[in-house]
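The lines below spell out each chain.
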Amino acid sequence: MNTEELKMAIGDLDEDKVQALLEELSESGAQTAAAALSACQEGMEIVGAKYESGEYFVADLIFAGDLMSDAAAVIKPLLAGEAQEPIGKMAICTVKGDIHDIGKNIVKALLEASGIEAIDLGVDVSPDSIVESVKKSGVKVLALSGVLTLAIDTMKQTISALDAAGLRSEVKVIIGGAAVTAEYCAYVGADAWSLSAAEGINICRNWLKGV
Amino acid sequence: MPKLAERGIGMDAQKKLLERKELFDNAIAFKRNKRVPMLSNFFTWKIYDAGYTAKEAIYDYAVMEDVVRQFIERYQFDAYFDLGTRNPMRVTNAFGAGRHYIDEENDTVLVDDHTILLRDEYSEYITGKNEWYWSKGFKRTAKPGLTIGELKNAVQEFLVFGQFSEKMSSMLSSEYGALRTASGYAMVPFENLFLTLRGMREASLDLRKSKAEIKECMDFMFETESLPMLEQSLALESNDTAADISCAFLGHSVLNTSQFEEFYWPYLKAIIDKASAAHKTIFIMCEATMLRFAEFFEDVPKGVLFVQLEQDDVFEFRKRLPNIAFTGGMPTNLLGFGTPEECIEYAKRLIGELGDGYAFGTDKMMSYRNDAKRENLIAVCDFVREYQI
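Chains A and B are the protein sequences, given in the same order.
Quick note: the first sequence, position 20, residue 20 per our numbering, numbers continuous.
In our numbering, each residue's number is its place in the second sequence (first place is 1) plus 1000.
Read the hints as simulated data drawn from the structure, not as lab findings.
Heads up, some of the hints might be wrong.
Below, in silico cross-link-like pairs of lysine to aspartate or glutamate (EDC-like), each with a Cα-Cα straight-line distance of 20 Å or less [to be verified]:
| id | chain 1 | residue 1 | chain 2 | residue 2 |
| --- | --- | --- | --- | --- |
| 1 | A | LYS156 | B | ASP1107 |
| 2 | B | LYS1209 | A | GLU55 |
| 3 | B | LYS1373 | A | GLU183 |
| 4 | B | LYS1211 | A | ASP12 |
| 5 | A | LYS50 | B | ASP1107 |
| 6 | B | LYS1167 | B | ASP1107 |
| 7 | B | LYS1211 | A | ASP14 |
| 8 | B | LYS1209 | A | GLU15 |
| 9 | B | LYS1209 | A | ASP12 |
| 10 | B | LYS1209 | A | ASP70 |
Not the full set, but computed from the structure, chain A residues with beta-carbon under 7 Å of chain B [stated by the list, open to error]:
| id | residue |
| --- | --- |
| 11 | GLU45 |
| 12 | ILE46 |
| 13 | TYR56 |
| 14 | PHE57 |
| 15 | ASP60 |
| 16 | ILE62 |
| 17 | PHE63 |
| 18 | GLY97 |
| 19 | LEU148 |
| 20 | LEU150 |
| 21 | ASP153 |
Now the stretches of chain B that chain A is said to cover, found in silico as 3 or more residues with beta-carbon under 8 Å [unchecked claim]:
| id | region |
| --- | --- |
| 22 | 1106–1114 |
| 23 | 1207–1218 |
Every value quoted in this text rests on a predicted model; they were computed, and no experiment measured them.
Quick reminder that beta carbons are idealized off the backbone N, C-alpha and C, glycines included.
For reference, chain A alone in the conformation it holds in the complex:
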């Protein structure tokens, strides 16, 4: 299987070609599967770049998320111990009072595609639950999503709860979703904000790499 072709097919969101290439993969060994997974991740970076340039938009990211999940479902069983070490792990959720999950799911798919283990806490997640999950998982990066302006207050409460639990200094927090702005970022006390999935992922990746 040609991994370069697979990378480009993912980047071009060419579902037929991706499926055809992955069918060839089932007859290959674990090493090829690992290379295929890397190719898919590189392909998703192309998707992110095309989103940043304005060529792709939300519908494309939804499609890309599904395409990547389908590809991963084929590749991962073939890895047999050849799995890559993730860059790091982080948690992501839509905060209490908000049930929008499409944006959160897009970001999660792109995080995973970029080699980050993303623990999905779900939607409508309370500050207390988030703090518990952060404690339990030991993540140092937390992404809070919200489309409703109501979510802004919950994001603020979540950061206060992290503070009260003595975790705030250890955990970087990024907020995203249609409701967020620079002013709201300052108001809730987050470390960063973004309306762009690709930009948000770069920020998280840099945090996890200690950049």
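Assemble the complex: chain A is given as a structure, and chain B must be docked to it using the hints.
Same frame as chain A, but now just chain B:
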């Protein structure tokens, strides 16, 4: 539509209606006004402001009337997008069609993304829409096991809602001399797929998975649904509305530029062209951003479109599309978290820099408690109403 006096509207309300209509006519046509008109894009916020919960108001029309009256009397906008009639949940819940629901803990109205037309049913919809609705669409929309008694109840709720809606419209014009946004309606087919039939996620996937089918279906919908609706709307008079025809602009929020050019713009352009030829105006309720597609709107004649902007930079919008009148721009974060003085300063900037072709409004639909503080909204509305351009 009968003339204002024939509809029992008193002289005082008639005078206000005519003044307000002129303000919007001028704004849409970029003619100088003595002050900018004000358009309310407030939804559930007004319920909380009046001291009720969403559940109390949405399920009790007497409470909702009180909510709307309080809102009109307290803030005195010139035109209103919602009169407590958006998302009639008593009707949809009775039928079982409601994808909207109230989160009582947070006191908010939420909606689920949903699908009632499956991906492999596009051709079935085209060849036998009624049969598809009765055999499949209806079943997927109604509550499971809907009885005849429940169906009758749902129809009764629909009739009661119609009376309430009519009462609120009549109250607005005859008692307060204020305007609704539009009298007619136009629908781009992708909106029907995005909002009703396929949902946001599935419609997004179809753009790549079922490109030919979705295009064929939209052509069919445009010919058989959108155009007849538009023709009826163009025939209506609009003496108590800010614009003539209302058009939702929501589904564009997921499209890239190529998709917009192929799946959306041809239909919207046809609607704009027909309205323009009939000397009618279109109120476009735009969610998310629109400037990404500015190039498509460059040649729209001045005086046709009046857009409710949400996330676009309104100052940039004016520079990029000086042919399109709009409302919006007042930041929710200022109304919700700023001071009255800060709000007034920003409103002054909006009016000063945007002036002709602008109607004062908020940068989003106001739906949550923290979207605005009462004192901020009163201050800014009082200021805008008195501020001479």
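Consistency of the hints with the structure:
1. LYS156(A) to ASP1107(B): holds, 18 Å
2. LYS1209(B) to GLU55(A): With Cα atoms ~18 Å apart, LYS1209(B) and GLU55(A) stay inside 20 Å; holds.
3. LYS1373(B) to GLU183(A): holds, 17 Å
4. LYS1211(B) to ASP12(A): With Cα atoms ~16 Å apart, LYS1211(B) and ASP12(A) stay inside 20 Å; holds.
5. LYS50(A) to ASP1107(B): Not OK: LYS50(A) and ASP1107(B) at ~39 Å, beyond 20 Å, violated.
6. LYS1167(B) to ASP1107(B): With Cα atoms ~26 Å apart, LYS1167(B) and ASP1107(B) exceed 20 Å; violated.
7. LYS1211(B) to ASP14(A): holds, 13 Å
8. LYS1209(B) to GLU15(A): holds, 8 Å
9. LYS1209(B) to ASP12(A): holds, 14 Å
10. LYS1209(B) to ASP70(A): Measuring from Cα to Cα gives roughly 14 Å; hence the hint holds.
11. GLU45: Check failed: Cβ of GLU45(A) comes no nearer than 18 Å to chain B, outside 7 Å.
12. ILE46: Check failed: Cβ of ILE46(A) comes no nearer than 15 Å to chain B, outside 7 Å.
13. TYR56: holds, 5 Å
14. PHE57: holds, 4 Å
15. ASP60: holds, 6 Å
16. ILE62: holds, 4 Å
17. PHE63: With a closest approach of 5 Å, the PHE63(A) hint holds.
18. GLY97: Holds, about 4 Å.
19. LEU148: holds, 6 Å
20. LEU150: Because about 4 Å separates LEU150(A) from the closest Cβ in chain B, which is inside the 7 Å limit, the hint holds.
21. ASP153: holds, 6 Å
22. 1106–1114: holds (count 5)
23. 1207–1218: holds (count 3)
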